[in-house]
Amino acid sequence: MKSSKSIDEKLSRIKKILQSDDVITFEFEVQKRGAAVVYVDSITDKETLAENVIRPLSHFNGEFNVKSLSSAVELAATQACESEGELCSAVLDGKPCLLFDGLSGFFSVDLKKFDFRAVAEPPLQTVIKGPREGFNESIKTNLSLIRRRIKSPRLIIKNTVVGRLSQTAVSVAYVETLADGGLIDEVMKRLDEIDIDSVPDSSYIAKLMCQKKASLFKQVNTAEKPDVIAARLMEGRVAILVDGSPIVLTVPYLLIEDFQNPEDYYASTLRSNATRLVRLAAVTVSVLLPAFYVASQLFHLQFIPLNFLLTIVNSIKGIPMSPSFEMFFILLIFEILNEASIRMPKYAGMALSVVGALVLGDTAVRAGIVSSPAILIMSMSAISLYTVPELVETLSLIRIALLVIAGAVGVYGVILAIVALVIYLSSLESFSTPVLAPFSPLVPGDLKDTFYLGSLSEMAYRPKSIKIKNKRRYSPPKNAE
Amino acid sequence: MTITKKQICLLFMTVIPSTKLLILPTVYAHYAAQDAWLAGAINLILDAMLLVVLLAVIKKFNGKTFFEVLELSLGKWVARAVYMLYAVYFAISAVLPVFEHKMFIEITLYETAPSVLTFLPFFLISFYFSLKGINATARTGEILFFLTASAFLLITFLSLGSARPYYLRPMLKNPVFRTLKASYSGLLWHGQPLMLLFFAGRIKTEKRFRLSVITSFAAAAFVCVFMYALFTCIYGDIAVRQIYALTKMTKYAIALSNVGRFDYVATLLVTAGATLTLSLPFVLAVDCFTQAIGRDKRLVPALALNLCALVLVAIYHMRFRTVMDLFEKFFIPAMIALVYILPTCTLLLRRTSQNAPLCKE
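In the order they appear, the protein sequences are chains Z and C. Take the first sequence: its position 122, counted from the start at 1, is 122 in this note's numbering, and no numbers get skipped. Position in the second sequence (first residue = 1) + 481 = this note's numbering.
Treat the hints with caution; some may be incorrect.
As the list claims (entries may be wrong) - Now the stretches of chain C that chain Z is said to cover, found in silico as 3 or more residues with beta-carbon under 8 Å: (1) 485-492; (2) 734-743; (3) 749-763; (4) 806-812.
To be verified - Computed far set for chain Z versus chain C, every beta-carbon distance over 12 Å: (5) Asn-61; (6) Gly-130; (7) Arg-190; (8) Leu-301.
As the list claims (entries may be wrong) - Listed next, the in silico BS3-like pairs over lysine-lysine satisfying Cα-Cα at most 30 Å (straight line): (9) Z:Lys-212 x C:Lys-540; (10) Z:Lys-129 x Z:Lys-112; (11) C:Lys-778 x Z:Lys-212; (12) C:Lys-613 x Z:Lys-189; (13) Z:Lys-346 x Z:Lys-317; (14) C:Lys-540 x C:Lys-654; (15) Z:Lys-467 x C:Lys-613; (16) C:Lys-778 x Z:Lys-213.
Derived by calculation from the structure, the hints in this document are not laboratory data. Predicted model, so just to flag it, every value in this text is computed and none were measured. Glycine included, C-beta positions come from ideal geometry on N, C-alpha and C.
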């Protein structure tokens, strides 16, 4: 709807659209003509509005048109609005809009004032060595943290809005000279296709952008640290930032990324290699150990060394439950404790530890309900899983599935399930990139940053598993031996 | 979707050794005694010759699928008939290794005789493979190659200490007839290079394609012959009684008495590779069938084929010897015709303007 010139008429129409009580209309005079500013009380910097917008306009002596009036405002971020609809969107985005009697145009001033958490270390990606900054819920802060690390005009930010009602700001970041054009188009296309009423968190966008909606594995990666995002952008990936979410998305996703901790690149190469092997071993143990323990007890006693077998036999004497049910029981207890420890108030955490570790664990063994080796195996499995925190949800589901299979069919079933998982993963793609790369399809050059980590000078080229425009990232000094 | 040179090479190196170390070494030892490795080598040389022929066919009709070559040279209905014939061949050829593998799993991995249901989940995997098709199979092969290779390294490491090379002597003293008989019986476990014919037209044009494929085949063949020789070196005259060489070869390693039977890890890893090998004929059978009937939907043929095999295994699961005798008697001649002769005849087809290569390799 095109706006009319009478201010009262304009205000009454705007009030019909913005009926909320926190939308304030303040009327004042400019050159003895009526003027008004419309803003949302809770998200606008009122002090600056009064000092730098209303005051200069009240004393304005220049030509009475939108252009001159907007230049009188002592702030750079002014923007002309074409329609009342545009005006309302701006107001709801924390940009007060100014209307003048006798003028058909409006303009808005960016005076957003939200309260945000300070930049702090994210709880899920803590490091001993390396940057500790983490993203917060402000998209502007998050973009500034990325910009601080990539001060290049090649870093492009494209803004869009997702959510019919929430009108959530979403920014797509990429390095123009690195990211593949097809990938950027695909990301923008999938974002445009999202038709949802609101976007409370970036995980909504991640789920809606996936090709396989009911996939066991994620197809969009996440990070909470700007150094990680900057590094991924430098590998030709595309980052998606969502206002209100401290978690930034990156595509395409490779499964191996979850085994790559940012600290690996900051610590010494030998140490990092050892840590990665430990991580791989831990994941294998966490997923397979309970299943193999149950299968060995039920079907394959020959797998267990004799001395260990005698220990197990002594421990399970008198246990009323079958090995698979016993393991399930402990797994269930663990999952309950885990869920409760996350949701429970912090002051009750100590009590939970006492109840969980002593009462449930020790007493259950003493009462002869479960055996000590079973508790030991499940504890090892539970702890090991957290060496790769990004995969905890997926791997815990796989662990349960393997436990069921091991109890029913034995170790052959577990092997078949692993093969099925490999087939599934081999055909899973994230934005046209196979998630199992660089193992399948095999890209030998990229194996330097998998379970083996080469030194920085060895990784002169960016990963070839991802389509990229410029492959070289490091040039050794010409006089280097 | 295309198949890359690397995928074909890794597929060969996974598929060729992973099922040839169960009963086959015993079959060779039964007829050829200390020359068992030679009997195996003869079959592998035959396969190598087949590979060279198939590479020549691919070069001659570069960019065309085998079906297109037949269709353009001999007509649509001949092409369909030939594909149907191969669908039946692959379906039948899948059966014996499945029976063998089932016995291997039940006897070596389980403490007490498990129910027949224990093995049946295999058909879920082979159905999944059949449904996904050749490309997913090739990609899976890339991962399973690493598992199979590490398994063979572990087996070699554990069994080398027990090997006595003098068991291989006197070399070549076994009657030639018996060695050839061993090769003939062992032929049932061979012919894997044929899959290359059905990859034709989907292979990505890459440099040194033929050299890489031949090298990978040679590496896989070397592993097999080395393992046969190693098996004979460990057991000598009693090798003939040691079925399932895979688990028998390692059991005298001193490390096992200290740590436990961790050699089973190698067995399990080879089992993972063998799952792919056993599923491959199912995948190719479904591929040939869908081409023959001119439809793309794989669900029904994949389901039907796997159900048939499942029923067969469930009914005759205790009759491996009978099945093997039947295969030796009737299937080997058909196999020779379809695996070795017919593809060679394809080389004789004339290259017309229609079936000429799309691009130079």
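30 Å Cα cutoff - pair Z:Lys-212, C:Lys-540:
Roughly 38 Å separates the two Cα atoms, so the pair is violated.
For Z:Leu-301, which was marked as not at the interface, is the minimum beta-carbon distance to chain C over 12 Å?
Since the minimum Cβ distance to chain C is about 5 Å, Z:Leu-301 lies within 12 Å and the statement is violated.
Sort out whether Z:Lys-213 lies within 30 Å of C:Lys-778, counting only the CA atoms.
holds, 23 Å
Tell me if chain Z covers the segment 806-812 of chain C under the three-residue, 8 Å CB rule, please?
violated (count 0)
Please check whether the beta-carbon of Z:Asn-61 is more than 12 Å away from every beta-carbon in chain C.
holds, 72 Å
8 Å C-beta criterion, at least three residues: is the segment 485-492 of chain C covered by chain Z:
holds (count 4)
Holds or violated: Z:Lys-467 to C:Lys-613, with C-alpha atoms at most 30 Å apart
Holds, at about 25 Å.
Tell me if chain Z covers the segment 734-743 of chain C under the three-residue, 8 Å CB rule, please?
holds (count 3)
Assess, step by step, whether the Cα of Z:Lys-129 is no farther than 30 Å from the Cα of Z:Lys-112, and give holds or violated.
violated, 36 Å
12 Å Cβ clearance of Z:Arg-190 from chain C:
holds, 22 Å
Stated coverage of the segment 749-763 of chain C by chain Z [criterion: 3+ residues, CB within 8 Å]
holds (count 5)
Under the criterion that the straight-line Cα-Cα distance not exceed 30 Å, is the pair C:Lys-778, Z:Lys-212 satisfied?
holds, 20 Å
Checked against the numbered hints listed earlier, the structure breaks hints 4, 8, 9, 10, 13 and 14; every other hint is satisfied.
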